[in-house]
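Student: The primary structure of each chain is shown beneath.
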Amino acid sequence: MTTTDASARALQLNDQGQLRHFLTIDGLDRDLLTQILDTADSFIEVGERRIKKVPLLRGCTVVNLFFESSTRTRSTFELAAKRLSADVLNLDISTSATSKGESLSDTLLNLEAMASDMFVVRHSRSGAPHFIAESVTPGVAIINAGDGRHAHPTQAMLDMLTIRQHKQRFEGLKVAIVGDILHSRVARSQIQALNILGADEVRLIAPSTLLPSDVESLGCRVDHNMQSGLKDIDVIIMLRLQRERMEGALLPSEREFYKVYGLNTDKLAYAKPDAIVMHPGPINRGVEIESAVADGPRSVILNQVTNGIAIRMAVMSMAMGGQRAQKGQDAEVRS
Amino acid sequence: MSQSESLRIANGRLLDPLSGQDSRQSLLIRDDRIAAIGAEADAAPADRVLDAAGGLITPGFIDLYCNLREPGNGQKGSIASETHAAARGGYTTVCAAPDSSPVNDSSAIAHLIRDVAERDAPIRVLPLGAATKGLNGELLSDMVGLTQAGCVALSNGPAPLANARILRRCMAYAQTFGITLMLQPQNEMLAADGFAHDGLITAQLGLLGIPEVAETTAVMEMILLAEETGVRLHLSQLSAARSVDMVAQARQRGVPVTADVAMHHLVFTEQALAGFDSRYHVQPPLRSEEDRQGLIEGVRSGAISAIVSQHQPQDPAAKNAPLGDTEPGLSSIESVLSLGLMLVERGELELQSLIRALTSGPAQVLGRPAPSLASGELADLCWIDPDARWTATPETLRSVGKHAPLMDTPLPGRVNRVWMAGREAYSREPGFGAG
Numbered sequence: 077m078t079t080t081d082a083s084a085r086a087l088q089l090n091d092q093g094q095l096r097h098f099l100t101i102d103g104l105d106r107d108l109l110t111q112i113l114d115t116a117d118s119f120i121e122v123g124e125r126r127i128k129k130v131p132l133l134r135g136c137t138v139v140n141l142f143f144e145s146s147t148r149t150r151s152t153f154e155l156a157a158k159r160l161s162a163d164v165l166n167l168d169i170s171t172s173a174t175s176k177g178e179s180l181s182d183t184l185l186n187l188e189a190m191a192s193d194m195f196v197v198r199h200s201r202s203g204a205p206h207f208i209a210e211s212v213t214p215g216v217a218i219i220n221a222g223d224g225r226h227a228h229p230t231q232a233m234l235d236m237l238t239i240r241q242h243k244q245r246f247e248g249l250k251v252a253i254v255g256d257i258l259h260s261r262v263a264r265s266q267i268q269a270l271n272i273l274g275a276d277e278v279r280l281i282a283p284s285t286l287l288p289s290d291v292e293s294l295g296c297r298v299d300h301n302m303q304s305g306l307k308d309i310d311v312i313i314m315l316r317l318q319r320e321r322m323e324g325a326l327l328p329s330e331r332e333f334y335k336v337y338g339l340n341t342d343k344l345a346y347a348k349p350d351a352i353v354m355h356p357g358p359i360n361r362g363v364e365i366e367s368a369v370a371d372g373p374r375s376v377i378l379n380q381v382t383n384g385i386a387i388r389m390a391v392m393s394m395a396m397g398g399q400r401a402q403k404g405q406d407a408e409v410r411s
Numbered sequence: 088m089s090q091s092e093s094l095r096i097a098n099g100r101l102l103d104p105l106s107g108q109d110s111r112q113s114l115l116i117r118d119d120r121i122a123a124i125g126a127e128a129d130a131a132p133a134d135r136v137l138d139a140a141g142g143l144i145t146p147g148f149i150d151l152y153c154n155l156r157e158p159g160n161g162q163k164g165s166i167a168s169e170t171h172a173a174a175r176g177g178y179t180t181v182c183a184a185p186d187s188s189p190v191n192d193s194s195a196i197a198h199l200i201r202d203v204a205e206r207d208a209p210i211r212v213l214p215l216g217a218a219t220k221g222l223n224g225e226l227l228s229d230m231v232g233l234t235q236a237g238c239v240a241l242s243n244g245p246a247p248l249a250n251a252r253i254l255r256r257c258m259a260y261a262q263t264f265g266i267t268l269m270l271q272p273q274n275e276m277l278a279a280d281g282f283a284h285d286g287l288i289t290a291q292l293g294l295l296g297i298p299e300v301a302e303t304t305a306v307m308e309m310i311l312l313a314e315e316t317g318v319r320l321h322l323s324q325l326s327a328a329r330s331v332d333m334v335a336q337a338r339q340r341g342v343p344v345t346a347d348v349a350m351h352h353l354v355f356t357e358q359a360l361a362g363f364d365s366r367y368h369v370q371p372p373l374r375s376e377e378d379r380q381g382l383i384e385g386v387r388s389g390a391i392s393a394i395v396s397q398h399q400p401q402d403p404a405a406k407n408a409p410l411g412d413t414e415p416g417l418s419s420i421e422s423v424l425s426l427g428l429m430l431v432e433r434g435e436l437e438l439q440s441l442i443r444a445l446t447s448g449p450a451q452v453l454g455r456p457a458p459s460l461a462s463g464e465l466a467d468l469c470w471i472d473p474d475a476r477w478t479a480t481p482e483t484l485r486s487v488g489k490h491a492p493l494m495d496t497p498l499p500g501r502v503n504r505v506w507m508a509g510r511e512a513y514s515r516e517p518g519f520g521a522g
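The listed protein sequences correspond, in order, to chains B and H.
First residue of the first sequence: 77, per the working numbering; consecutive thereafter.
First residue of the second sequence: 88, per the working numbering; consecutive thereafter.
I should point out that these hints are in silico values taken from the structure, not numbers from a laboratory.
Using N, Cα and C, we set each Cβ at its ideal position, and we do this for glycine too.
Don't take every hint at face value.
Unchecked claim - No farther apart than 20 Å at their CA atoms in a straight line, the calculated lysine to any residue pairs in the SDA-like style are these:
1. H:Lys-489 to B:Ser-211
2. H:Lys-489 to B:Val-353
3. B:Lys-129 to B:Ser-118
4. B:Lys-348 to B:Met-322
5. B:Lys-307 to B:Val-353
6. B:Lys-343 to B:Arg-316
7. H:Lys-489 to B:Glu-210
Unchecked claim - The following residues of chain H were derived to be distant from chain B, with all beta-carbon distances above 10 Å:
8. Ala-140
9. Gln-262
10. Leu-312
11. Asp-412
12. Glu-464
To be verified - Under 10 Å between C-beta atoms, here's a sample of chain B residues computed to sit facing chain H:
13. Ser-118
14. His-199
15. Val-212
16. Pro-214
17. Ala-227
18. Glu-292
Pulled out of the complex, with its shape left as it was, chain B reads as follows (with noise of 0.2 Å):
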C-alpha cells in the first residue's frame, strides 16, 4: 500500500472498515467496491417504483456544496438524497460565503452549526474534500462530488456499474481512457477503480501534452496513437476535452484532436466487436466524438447518467451507515 493509500483509507474508513467518507476510491478495496456496486444494483429498482423513495436517510440533512457549478453532478446528488428520504439544502457556494472573503473554515463552521449530516462537496482544489473531513465534526459525512484534478469517486463507480451491466466481470476487460487524462479527476479515479476490480489492462491514448507526468504509476500504459491503442479494447471511456487546452498550447485545435483522437466508426472499429463506449458528458459531438457513435449500438452513455443516481444513493446510505456504527461505538467506549 503506497502513502497516498493509506492515509486516504484510515480518513475514510470507520474502525470497523466501513466507509464513513467518500472521497476517493484510492485506498479502498475490492469487497468494499463491490458492496458499493451490489448496494447500487439494489436501488435501481427504487427509480422504476410509483414513489421513488426509501426511508434511509429520513431525519438527515444533506448539504450541496458545490464551489464550482455542475448542474448534472449537482442534480443525480440531489435526486439521490431525496429518494433517501434526506432533506437537501443546495448552496452555490461560488456566488456567495467565499466570494465575499470568507475562508473555507469560517464557511464549515457556520454550515454546521446548522446541523448537518452529510456535505457533498465540489471544488476546484485538489484535497479540498479531504481538508473539509478532516476539520468537520466527527458523525458528518463528507461524499466528494469532483475535486479539481484529483477524484471524482462517484463518477468512476456509476461508471464501473455500467461496466459491470454489459460486461459482466472486470478480470480479464481491457480497459482504453482516452483524451485529456492529465486535467481529468474522473479518469485518475477510474484508473484506480478499475484496478482495484481487476481489470486486466488499463490504456492511456493521448498526447504527451495532455498526460502527467509519471503516468504508468497509476497502473496503466500509454499510447499515443489510437490504432494501437484501441486493438483488443472492450471498453472505450471518451474524456471531455476543454476549449482552454488549445489556448494553453497543450493542442494545436479542435480539429486536429478530432482527426487524431475523436471516435468515429472507423476507429471504432479498431475495438472489440462487442465494445461499448463510454463518456462522463456532457459530450463535444465532433470534438471527441462522432454523433453516429454517441447515439449508436454501442453507446453506454444514457446509461451512465441512470446509473448515477443509484451509486450516489449506495455511497450516501453507507457513508450514513458508517458514521453511526462509528457514533455508536464512540459511545460505548465512553460509557
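Using the hints, position chain H against chain B.
Tutor: Okay, now just chain H, sitting in the frame of chain B:
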C-alpha cells in the same frame, strides 16, 4: 553569564569542522571570546563551571535564510519570537529574508530590522536586502545603500527577476561593488501556478506541478550570467539533484558560485504531500527520492556550502485550507538540528558534514570569518545533547508558527545551551528568559 565572568565548559566533545578537531576537552569562555581550550582551559580559574559530559560542543549555527516576519506580519511572528526560536534551535546568527512588509529595499528598513534585533533578539540578525525595489523584479534596489546599512547580501526572496536582461544587469551592478547576490532559481513560466513536484504525487493526487526543469533551466541561466559578469552568486534553496551537478561543474571551472539547500529537502520527498498535508507545501517543492539523494551528496561533497532552515512561520489561517490555497513554508528552525541528526543516525550524512553546513559553510558564503573552536575566537557556541529526544508540539515550539515538520514524533538531539559572543542566548534550564 555577564560579560566579565568566565565560564568553563568541561568534558564536552568539541567538534570543529574548520580545524577538523573532534575530541573531548574543556573550553573556557571569558568575556565574548574563547579564552582557552584543553589543559589550559582546565588549569585556568573560572567563575562558573558547567559539566558537558555526553554533550557535543559546536560553533553556533548560522542560517542564511530565515523569515522573521518583522516588520509587517505580526500575526506570523516577530524578530523577538523567531530569534528566540532560532536560539532554541542552536543558532547564533540568522540572515533575515527581505520579503518583510514593507520589503527590505531601503536603508531605513534595514536600520529598523537591526535596531529591533538589537533590542529584542538574543542572537545576531543580519539583514538580507532586496535585490529589486519591492521585490518587483524590474527595478534595481539601492544596492550600495543597503549594504552600507548592514545588509550582508542581496536577495530577491522567493520572487523572480522579470527577465534575463534584468538578471544580467542586476548581477553586473552587484559585481561592481563586490556584493553577493543570493537568488532562488526558478523559471516562473515553467513553474506557472504549480506548488508540488511534477512527478508521482501530482500524477496520483492531481496537484498542479512544478517540473524539475523549472529549477535547472534557471540554475543554468544564472550560472552562465554569473560567469559572464563575475558576480559572487549564491543559489538559494536548491531542490533538484541536477542543479547540484551544475553547481559542482561551474565551481570546477572557477565560476564564483555557491549554493545552499533547505534541511527539509534533505529529509522529505514529494510523498510528504500524500494526504494533502499543507505543512509540506514548501517552495521550491519537495522532490523525488533521487533528488533528495543528490542534494545529500552535494552536502557531503561540499558542492552545497550550507544547509538553511528556510524558516517560514505562518499563522493557522495560512495553513488551514485546501492544499493549493495554503501559503508555502515550514516552521522549521527549531527542528533543523534534529532532522540533520536523523540523517546522521540513518548513515546518510556524516556529523562533520552536517555541522560544517550549519556553521563554517554559511559563514564562508557571507564572506565572514568562519566560527571556530579555537582560543581567541568569538564565543558563538552550541551545546547539544545528541542522545536526548524531544517532541515538537504547539506547546513546545517557541516560534509563532506551529506547523513544524514531524510534529508529535520523538526527534533526536536537543540543544541544551547557546552562547552568542559569550553571552547565554538560550538555556534549557527552567526559568531562563530565553528558554
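Student: List in ascending order the numbers of the hints, as given earlier, that are violated by the structure.
Tutor: Hint check: 2, 4, 11, 13, 15 and 16 fail, others pass.
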